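Just need the whole structure built from these sequences, with the hints factored in.
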Amino acid sequence: QKEVEQNSGPLSVPEGAIASLNCTYSDRGSQSFFWYRQYSGKSPELIMFIYSNGDKEDGRFTAQLNKASQYVSLLIRDSQPSDSATYLCAGNSGGSNYKLTFGKGTLLTVNP
Amino acid sequence: EAGVAQSPRYKIIEKRQSVAFWCNPISGHATLYWYQQILGQGPKLLIQFQNNGVVDDSQLPKDRFSAERLKGVDSTLKIQPAKLEDSAVYLCASSPGTANQPQHFGDGTRLSIL
Numbered sequence: 031q032k033e034v035e036q037n038s039g040p041l042s043v044p045e046g047a048i049a050s051l052n053c054t055y056s057d058r059g060s061q062s063f064f065w066y067r068q069y070s071g072k073s074p075e076l077i078m079f080i081y082s083n084g085d086k087e088d089g090r091f092t093a094q095l096n097k098a099s100q101y102v103s104l105l106i107r108d109s110q111p112s113d114s115a116t117y118l119c120a121g122n123s124g125g126s127n128y129k130l131t132f133g134k135g136t137l138l139t140v141n142p
Numbered sequence: 003e004a005g006v007a008q009s010p011r012y013k014i015i016e017k018r019q020s021v022a023f024w025c026n027p028i029s030g031h032a033t034l035y036w037y038q039q040i041l042g043q044g045p046k047l048l049i050q051f052q053n054n055g056v057v058d059d060s061q062l063p064k065d066r067f068s069a070e071r072l073k074g075v076d077s078t079l080k081i082q083p084a085k086l087e088d089s090a091v092y093l094c095a096s097s098p099g100t101a102n103q104p105q106h107f108g109d110g111t112r113l114s115i116l
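As they're listed, the protein sequences go chains A and B.
So the first sequence is residues 31 to 142, counted in the working numbering.
So the second sequence is residues 3 to 116, counted in the working numbering.
The hints are simulated quantities; they were obtained by calculation from the structure and are not laboratory data.
These numbers come from a predicted model, not from an experiment.
One thing to keep in mind: the hints can contain errors.
Listing some non-contacts, in silico: residues in chain A with all C-beta distances to chain B over 10 Å [unchecked claim]: (1) Val43; (2) Ile48; (3) Ser50; (4) Ser56; (5) Asn83; (6) Gln94; (7) Lys97; (8) Asp108.
Dumping the calculated DSSO-like pairs for lysine-lysine here, alpha-carbon to alpha-carbon at most 27 Å [stated by the list, open to error]: (9) B/Lys13 <-> B/Lys64; (10) B/Lys85 <-> B/Lys17; (11) A/Lys86 <-> A/Lys32; (12) A/Lys72 <-> B/Lys80; (13) A/Lys72 <-> B/Lys46; (14) A/Lys129 <-> B/Lys73; (15) A/Lys134 <-> A/Lys32; (16) B/Lys64 <-> B/Lys80; (17) A/Lys134 <-> A/Lys72; (18) B/Lys64 <-> B/Lys85; (19) A/Lys129 <-> B/Lys46; (20) B/Lys46 <-> B/Lys64; (21) A/Lys129 <-> B/Lys64; (22) B/Lys46 <-> B/Lys13; (23) A/Lys97 <-> A/Lys129; (24) A/Lys134 <-> B/Lys64; (25) B/Lys46 <-> B/Lys85; (26) B/Lys17 <-> A/Lys72; (27) B/Lys13 <-> A/Lys72; (28) B/Lys46 <-> A/Lys134; (29) A/Lys32 <-> B/Lys46; (30) A/Lys134 <-> B/Lys85; (31) A/Lys134 <-> B/Lys80; (32) A/Lys134 <-> B/Lys13; (33) A/Lys72 <-> B/Lys85; (34) A/Lys129 <-> B/Lys80; (35) B/Lys46 <-> B/Lys80; (36) B/Lys46 <-> A/Lys97; (37) A/Lys129 <-> A/Lys32; (38) A/Lys32 <-> B/Lys64.
No residue lacks a Cβ here, since even glycine has one placed at the ideal position from N, Cα and C.
So, in structure tokens, the structure goes:
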């Protein structure tokens, strides 16, 4: 069973702090990883994706991938109350069907 | 670029009734996915289409769920008969179907079974 595990949460940080969201995966064949944000009652919205080892930065967001450790993380700098949402980590299986396996999500609350 | 369109947004039915959901993917996206998301959990893939062919339906409860994607564009997902445990949000997503390309989600259909 290919699994994606996320830190259980919920996670609460003060406004302006760095929020760190973590994810591990069991399938070594996974090629790329996606972080989605999901507001309550809304559908998942893509934040960023990463497929090379190392860091990828986009504004206040940094994704980190370590394939040797099978570990993916998302850092949110200068957290804002509007960042309060559930963050879903998903891994793309190897092979030609590009199937995503999602974690259960981590609920982040940014307190003003 | 128009996003993934889904309808209806909400549906309430009684158990043992049938229900159908519709999805129109982003134009040009070859791959279409149907997910089930139960409250507090991540989306679970039900079925994946590449153009109008099924790529993966390993987690689709085939005794009650069916899906089709005629002409490789729009898709419908049907549940017949519905059970209480089918209460969930049904999400449709699409992607170009090439490596490392993200999936984009529609707004989903929230299904409640009474």
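*Would you pick out the hints that fail for this structure and give their numbers low to high?*
Per hint list: zero violations.
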